Amino acid sequence: MKLPPNSGKRLVAPAVVAAFLVAVGAVAIVLSQQMLQKGRAEQTKATADREAAQNRLARTTDEEREIREKLVDYQKLRSRGLIGEERRADWVERIAEIKSARKLFDVKYTIEPQRPADYPGLAAAGDVEFLASQMKVVLALLHEEDLFRFIEDLRGALSSHVLVRSCTVSRLEVAAADRGVGPRLRADCTIDLVTIRDRKAKAT
Amino acid sequence: MSDKRLLYFNANRVVVYRSAHHKLALESSFANNEEGAAAFATHLSGLPRSLFFVLVDIVEEDFHQENIPFVRGGDRAALLGRKLAQRYRDTSLSLAMSLGSERTQRRDERILFSAFTNNAQFQPWLEALQEAETPVAGVFSTALLAPQIAAKLGAKKAPLLLVTLQSAGLRQSYVENGKLRFSRLGPLDAADAADPSRVAEAFDRETTRVHQYLTATRVVAREGGAIDALLIAPAGQKARVQAAVPNMPQVRVNVVELGEAAATIGLKGYPAESGAEVLMLHLLAQRPPTEQYAGENLRQFFRLRQARKGLVAAGAALGAAGLLWAGVLLTQYFGLQEQIGLDRQRTRLATESYARVEAAFPQLPTTTDNLRVTMQNYAALTKQTARPERLIGDVSAALDASPRIEVDKLQWELTANPRVTKPDRPQGASPAPPPPAAPGKAVAGPLFEVIQIDGKVTAVKASDYKAITAIVDAFIERLGKRPGVEVLQTKMPFELGSTGRLSGDIGTETGAAVPRFSLTVAKKTGS
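Chain order of the listed sequences is A and B.
Letter by letter, the first sequence follows residues 1 to 204 in our numbering.
Letter by letter, the second sequence follows residues 1001 to 1527 in our numbering.
Don't read these hints as lab results, they were simulated from the structure.
Just some of the chain A residues that point at chain B, by a computed CB distance under 7 angstroms:
#1 Ala15
#2 Val17
#3 Val22
#4 Gln43
#5 Gly121
#6 Leu122
#7 Val164
In silico contact screen, one side only, chain A against chain B (beta carbon under 8 angstroms); selected entries:
#8 Thr47
#9 Arg68
#10 Tyr74
#11 Phe130
#12 Cys167
Stretches of chain A that chain B covers, calculated by requiring three or more beta carbons in the stretch to come under 8 angstroms of a beta carbon on chain B:
#13 1 to 10
#14 143 to 156
Please read all numbers here as calculations on a predicted model, not as lab measurements.
By construction, the Cβ of each residue, glycine as well, lies at the ideal position given by its N, Cα and C atoms.
Could you build the full structure based on these sequences and the hints that come with them?
Put into structure tokens, the structure is as follows:
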């Protein structure tokens, strides 16, 4: 095959046209591939959404039963005052009432500032927060049973969940003559008073 | 698509035809002399650069069949070139056409060598084409078109003597198995061509010569019987030509009129008073034979045109392939969109159904998720809420059975690390909690109640190591038997092991010294 001299120049224009046509095809492929990738991502999301919605619907009966059960417990917590802001003034009154009712010798307490509860197993959730106020209490006791009754009374009387973290019971050195009337034991306890803050809770 | 131009070259005239839409139009005609060639050059300069086919119809041509050894590639090309050079003085317009192989062991190849024997007459015309940079597809002989005409008019394989009457004269071409074996142009004046009896006479004369030649060269067997001949008669003269054709025993004559032949090959229009060359020209424009006479030098602008078209065609093919592939991808995309639409529709239906069901749920004081999280976390909190009286009760039970043990201090605490010794924990500090759970995950490690007991042994001589050890050991054993209780650490009043120091005062009675011990026991919450 023989081409005339200076054929290169005469081939430039068709080469440009050919390159343009190839470029059109390539651009079309690239654009359509991008669209397809986007479409695949959309489809994955749409399928996941559909499966989630369908699964949720399928679980409706179980969920309704679960919600009804949990609702009962939730209402109990709410009526006890666990859900909502803590009521320290009420707590102080209740402690005083317990001391008086149990005829305890001496009850000294300190309630620390409230902080997020840091117990294992608490799932973090944006709208629900478990908060703990640590109370350090020193009791003068006649018998260790008084300590147990005091703690039990706290559980029943305070609008919070009572969680004892530590207690030290030590024997007081008492003269033999005073043994019949004075305290014989000293208890130093650390107790967490836990309340729940639910930002989505509706006012009663 | 640009028009094709056909240059019909005979001894008297050179005619330019234009072929488009299955029609041939006469564009210009020139006398075959120097003035005509000059006028042709001028005519070319005014034409668009269209593709030219040169069809030569002259007497000065040669056909020669010869067998060559079976060779391929460069050797074959060299051999054919050598053979052409041996036979023809000027090979610038020559060709070697394969007619197939002999069915012998040597498989010799039959080649039809052909060339124009007086090339000087073409030179001014071909030079004019080259100077005008006209793409010339090739130089063809009317004989090369005979197999196509024979095939179109009914004789695909059977031997046929095709007789055509064109302005150059009466051409007789012998075609066998679709291949040209021989062709000859017999002179016939224009005046004779119009007279059917003269045509018949010329046909008789020329056919007899051709038949004799074919028989002599053994192309046709001497006793092979009559051969078929097809005569294409001028328009309107079929009957007269047929009547005038003499009865030849060695040839069976069939006459077809030019108009019929043109209609059969698909030629829809051609100039009146044309000869059978219009059939060849039309077929040349539609489907040119692969063999032609011109060398590469004459065809260089045709090659350039091919290269240009090839580039654009390759680009168009790649572009089209790209568009096609893009189309396939887009089809997939639209398929996906359809599925996405279906998924979204089903999601909406499921969500609406759930909303209807949820509407029947009891009125909630908070969101469903908050209700769930609250109760889930509260359950986790309750699980790790221990009552000190549980483990202290275990200690009391063990103490009841150990009257000589007296406890001075009990330190109870809730911890995740029961084996961390007490001095490691700051006094009064809260037990170290495990790290908080990750968002959305409830990771609960076990919690332990741990109690450290500081006590003493009473009513035993401080020097009675054996008795003291037995009392403390019995207490530890009783503690260890309580369900879930594990004794983690023991500190005895004295060390009876071989690695410690042991001292005492045997002569002294029970004094102020009291044997004290310390124990650490643990119990997992909820056990």
